Amino acid sequence: MNLRFIIFICSGIFLYACVQPPVFKGDGFALVRSNYPIVKVNGKAVEPLYKLDIEAGENTLVIVYNTYQYDYDCTFSWSAVTNTVYEVTDQENKYPLTLYRWVRTNSLWASRLDPLDPLECVRKPRRGNVAAE
Amino acid sequence: MIDTVRLTLFIRYLLVLAVNVGVASVSNAAPLPGLSSLSDSVVRESAIAFVNTTTSPGLEGATLTVDDGNRQSEQWRSSLGFAAEFTLKNHIYNGYWGLAVVGGSLNDKVVLTGDDGQPVTLDMTRDVVALSGSFGLSYPVNQHFKLRPYLSLSVSDLQTEGIVDGLLTTAPSGNATTTVEFNSGAQMLSTTGSIDALYSRWFGDNRLELSAHYHLIYTDSFSEDNPVLVTDAWNDVLQLKSRYSGPTRLSSIGRPWRWQLYANHVNFLSQDNLSLGYTSLFEFGAGMEWQMNIKPLDWFGWQMVGLKAGVITSSNVEGYFLGLTAR
Chain R
1 MNLRFIIFIC SGIFLYACVQ PPVFKGDGFA LVRSNYPIVK VNGKAVEPLY KLDIEAGENT
61 LVIVYNTYQY DYDCTFSWSA VTNTVYEVTD QENKYPLTLY RWVRTNSLWA SRLDPLDPLE
121 CVRKPRRGNV AAE
Chain Z
1001 MIDTVRLTLF IRYLLVLAVN VGVASVSNAA PLPGLSSLSD SVVRESAIAF VNTTTSPGLE
1061 GATLTVDDGN RQSEQWRSSL GFAAEFTLKN HIYNGYWGLA VVGGSLNDKV VLTGDDGQPV
1121 TLDMTRDVVA LSGSFGLSYP VNQHFKLRPY LSLSVSDLQT EGIVDGLLTT APSGNATTTV
1181 EFNSGAQMLS TTGSIDALYS RWFGDNRLEL SAHYHLIYTD SFSEDNPVLV TDAWNDVLQL
1241 KSRYSGPTRL SSIGRPWRWQ LYANHVNFLS QDNLSLGYTS LFEFGAGMEW QMNIKPLDWF
1301 GWQMVGLKAG VITSSNVEGY FLGLTAR
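If you're matching them up, the sequences are chains R and Z in order.
Heads up: the first sequence is residues 1 to 133, going by the numbering used here.
Heads up: the second sequence is residues 1001 to 1327, going by the numbering used here.
Same shape as in the complex, but just chain Z (with noise of 0.2 Å):
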């Protein structure tokens, strides 16, 4: 009941703040008949939630699909990105840096109560491009544990595209409809503090890691056409990495191939459910990875190239991984 209101009043807001009318005009003061109070941390939550997920240093590919009853959406997010350690020669500390380019979707539909008790429907999009930095220290406990604290910094575009079906409202034209669309931009600059602690071992021919990956996010959010999105935010996000490792008796070009098992968790710790429609999920895979073993620019060391193919699941969600991996 509690999320009921809470969509409505997100929809209404996003009705409200609407800037580019399609079918019908809906101005920033007026409020539209039929729906209840706004509330404006909702519509942020879900934009900035949306931005964080797909744009949070270690996650990678996917394709979501949450399905709740009133909630049907599809997400995905890709990246093409790399990132290594790099030798500070009479220091025991080494270097970290990553570049990333990310790209995202989400396609979200939400029937809904009115004020009235009719059915009101929202299908929205919501697409992102992100270009994001990481730079920091990796720091060697002992050979098989190490603590790696890094900043990444992010610039995002966001667009949002939608259709609320369900309301009463007034066209331009001065007839009746039900329908009103919306569109609108966000620019969000994010800077992530993340601190990584790293564990692994090597059983005969096998290896082991485990590691644990905790970002705290600042996001810092500009739109010249939504209000609402003028703002800021702090989000936090844990990560759970398993993977377990061995050789092949293939190879290529004379380098050998390993194939490798994975399980993962992430938990966007302060995320509101009602966001996105999770909080956390879990992915498990298995792939392949060739030692190719390169220096690029004689700078830094490409150790693997890789397929990896996985299922992600969570309460209401289930996805799937399909992709290339380096490092």
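The shape of chain R in the complex, shown without the other chains (with noise of 0.2 Å):
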């Protein structure tokens, strides 16, 4: 008895602790999660980052996109809403990385809402040093 109520209260903090709640820096801010890294922020370069927390409004991001022959820089600009979650992830769309607004559905699932491409995404030679492989 008292092993299938350990079980039952592990399984709901193993199912709970699935699909966790975004932490936002606060109000006015969204977060920004990508698979790919982040190497520009409204303008200016920065270190590869996956993890970003922005202003909301008007924001634009380059994320490179890295493949064994290319790089592909794609700049997505777009109206961020405050205390939302923003995705990028590659889904072999059109472009090679899509923005997606996260939201998280449940403790099971997430969904991935409002795809959004690029402007464009340049092809250049592969840097090397942005993803080590």
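I should point out that these hints are in silico values taken from the structure, not numbers from a laboratory.
Fair warning: there could be bad hints in the mix.
[Said to hold, decoys possible] On the chain R side, residues computed to face chain Z include the following (Cβ under 10 Å):
1. Phe5
2. Phe8
3. Pro48
4. Arg104
5. Arg112
[Said to hold, decoys possible] Keeping only pairs whose Cα atoms sit at most 30 Å apart, straight-line, the calculated DSSO-like set for lysine-lysine is:
6. R/Lys40 / R/Lys25
7. R/Lys40 / Z/Lys1308
8. Z/Lys1089 / R/Lys124
9. Z/Lys1308 / R/Lys94
10. R/Lys44 / R/Lys25
All figures in this text were calculated on a predicted structure; none of them were measured in a lab.
Note that the Cβ used here is the ideal one computed from N, Cα and C, for glycine as well.
Join the two chains, each given in its own frame, into one complex according to the hints.
Structure, rendered in structure tokens:
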């Protein structure tokens, strides 16, 4: 009986922990999570980042999709909403990367909504140092 | 003629190695009258071919009918599984994983001519249930082309039941009979090394996908009641797949639907035609996919769920596919 109770509690904790509610820097901020390195924020070059707090409003990010032959510098520009999570990933769409609005549906899964294509993806010879294979 | 002889040998071995005897009893050591000398390889190849055609990575659900005169068989396979890539940050390559539960069944009816010229009928049913897991890497060469090597492990439980009619033998009661029943089981551990080459390109809102998949399969088989199936074997499978998809005006819960057409070819390169009656299949079909785009456990993306229907054809083979797809 006790063992069942412990398993039940542990399962509940595990399931609750699967998709955690996002934590924001504060009011007026949104969160960007990227599977690929963010190298430029509103025109300023930054060290490669995968998670970034941005101010709500117009933002422009350059995110690099790395391949063995080329790097693709993809530029996203959109109006970020406060207390919103955005996620950039590759889903083999028209452009190498797509920006989604990430919404925690429940503790088991999240939804990717409102896909946004980059303004452009510029193909460049592979840099080699942005991502080390 | 050669096929007939090999099938005869195949039946004899099944009989000799039978464990549970229904109408007549067969000893492991005693050869059956009216049949030629034995061939282990046919029995092994047939069992392993069935498991491989059911559990090979990348194969989807299907129902097949083989009819080549002396042989009529029905085979189906179905799987419930999912495979996806996951991002490895700070690396160009991505990870790849997959899990699947696979089930399949084969009812094989073969009419043979015994050594004395009499017709001998084999009616055999095989069932397999397998659990398979895959893990590997995905190397994007450029935006359109990637290579994906991965390793799969699968554990299969194979059960075989059969009735042979037309051979004169002796039942436990001492009476003469012409019917022998048998059944046996085997567990198979398969290790598959695969490499996928995947190409895709967009034309407006339409997408073309082409891919080639090569699987090298090592199967280790264990059986407590059929010594012939205590064996191991190497096999290889080549798949060529193509898919063309486009947008529709339909949407559900704010998510769009896309149509798709596909054509696939699978060639079981090292499989003998005698094992199952075919060595390659062509599949053509169409379907609809719903872009649900969720992220289970906030870990991997689940983009599409859809419905697909198609026909399967090859020499002496007809079949169809109707089922759900997820990717």
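Structure-based check of all given hints:
{"no.": "1", "hint": "Phe5", "in the structure": "violated (24 Å)"}
{"no.": "2", "hint": "Phe8", "in the structure": "violated (19 Å)"}
{"no.": "3", "hint": "Pro48", "in the structure": "holds (8 Å)"}
{"no.": "4", "hint": "Arg104", "in the structure": "holds (8 Å)"}
{"no.": "5", "hint": "Arg112", "in the structure": "holds (4 Å)"}
{"no.": "6", "hint": "R/Lys40 / R/Lys25", "in the structure": "holds (20 Å)"}
{"no.": "7", "hint": "R/Lys40 / Z/Lys1308", "in the structure": "violated (42 Å)"}
{"no.": "8", "hint": "Z/Lys1089 / R/Lys124", "in the structure": "holds (20 Å)"}
{"no.": "9", "hint": "Z/Lys1308 / R/Lys94", "in the structure": "holds (23 Å)"}
{"no.": "10", "hint": "R/Lys44 / R/Lys25", "in the structure": "holds (20 Å)"}
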